[in-house]
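*Asks:* Sequences are here, hints too, so could you generate the full structure?
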Amino acid sequence: DVKVTQSSRYLVKRTGEKVFLECVQDMDHENMFWYRQDPGLGLRLIYFSYDVKMKEKGDIPEGYSVSREKKERFSLILESASTNQTSMYLCATQLPGGLYGYTFGSGTRLTVV
Amino acid sequence: TQLLEQSPQFLSIQEGENLTVYCNSSSVFSSLQWYRQEPGEGPVLLVTVVTGGEVKKLKRLTFQFGDARKDSSLHITAAQPGDTGLYLCAGRGGSNYKLTFGKGTLLTVNP
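Chain order of the listed sequences is G and U.
Using this note's numbering, read the first sequence as starting at 150 and increasing by one per residue.
Using this note's numbering, read the second sequence as starting at 1214 and increasing by one per residue.
Simulated from the structure, these hints should not be mistaken for lab results.
Treat each hint with caution, since some may be false.
Calculated Cβ distances over 10 Å to all of chain U for the following chain G residues [claimed, not checked]:
#: 1; residue: Val161
#: 2; residue: Asn180
#: 3; residue: Val201
#: 4; residue: Ile209
#: 5; residue: Arg217
#: 6; residue: Ser224
#: 7; residue: Ile226
#: 8; residue: Glu228
#: 9; residue: Asn233
#: 10; residue: Gln243
Computed footprint of chain U on chain G, listed as stretches where at least three residues anywhere in the stretch have a Cβ under 8 Å from a Cβ of chain U [claimed, not checked]:
#: 11; region: 187-194
#: 12; region: 250-257
Being a predicted model, the structure only gives us computed values, none of them experimental.
In this text, a Cβ means the ideal position worked out from N, Cα and C, and glycines have one as well.
*Replies:* Next comes the structure, spelled out in structure tokens:
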């Protein structure tokens, strides 16, 4: 089974800090995604990557950036954390092609104070 | 923008009862997936349906894709406390990468 590991389960950061969320997969999946999940709003796509150094904006990219220097690692960066970025962040991977589902990590619960 | 509406939003039932949750859209999807998410964890894929009218069974769970590929349902027979969780549907439209997620149905099965 594919394993998707997110570096932290819980994080508390201060407003204005630069925050790095790391996601590592142990299989050779080309596609990787970052979502945030908020009550009443569901899962919203922030960014995704379909290959090393390739990235595309999702539905809510403002205030975020990403980095994919190696196939197995996809990082989400909050350039200057704000309280409205308090959320559950979920990383997912996928084999290419239209029929495959996502494999999600366990999530990082980020609180910005 | 493709949207998926899930209903009901919340469902609390007793062990042994049957239930159905729904996932509806005005858009056509090439495939649709169902996930279950337990508290503090990421969603886990349950099933993918592709063909209009398709029915798939996973033990006590029955998934159906609508004939027009705009809607889907999940039926659970004889629910158990282990079925408790957030059930999410997700549809794939024109993109090979991106899924559109519904907001989910939060199911609680009481012993």
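*Asks:* Indicate, hint by hint, whether the structure satisfies it.
*Replies:* Outcome of the hint check:
no. : hint    : in the structure
1   : Val161  : holds (16 Å)
2   : Asn180  : violated (6 Å)
3   : Val201  : holds (15 Å)
4   : Ile209  : holds (13 Å)
5   : Arg217  : holds (14 Å)
6   : Ser224  : holds (17 Å)
7   : Ile226  : holds (20 Å)
8   : Glu228  : holds (24 Å)
9   : Asn233  : holds (19 Å)
10  : Gln243  : violated (7 Å)
11  : 187-194 : holds (count 5)
12  : 250-257 : holds (count 7)
Hint violations for this structure: numbers 2, 10, all remaining hints satisfied.
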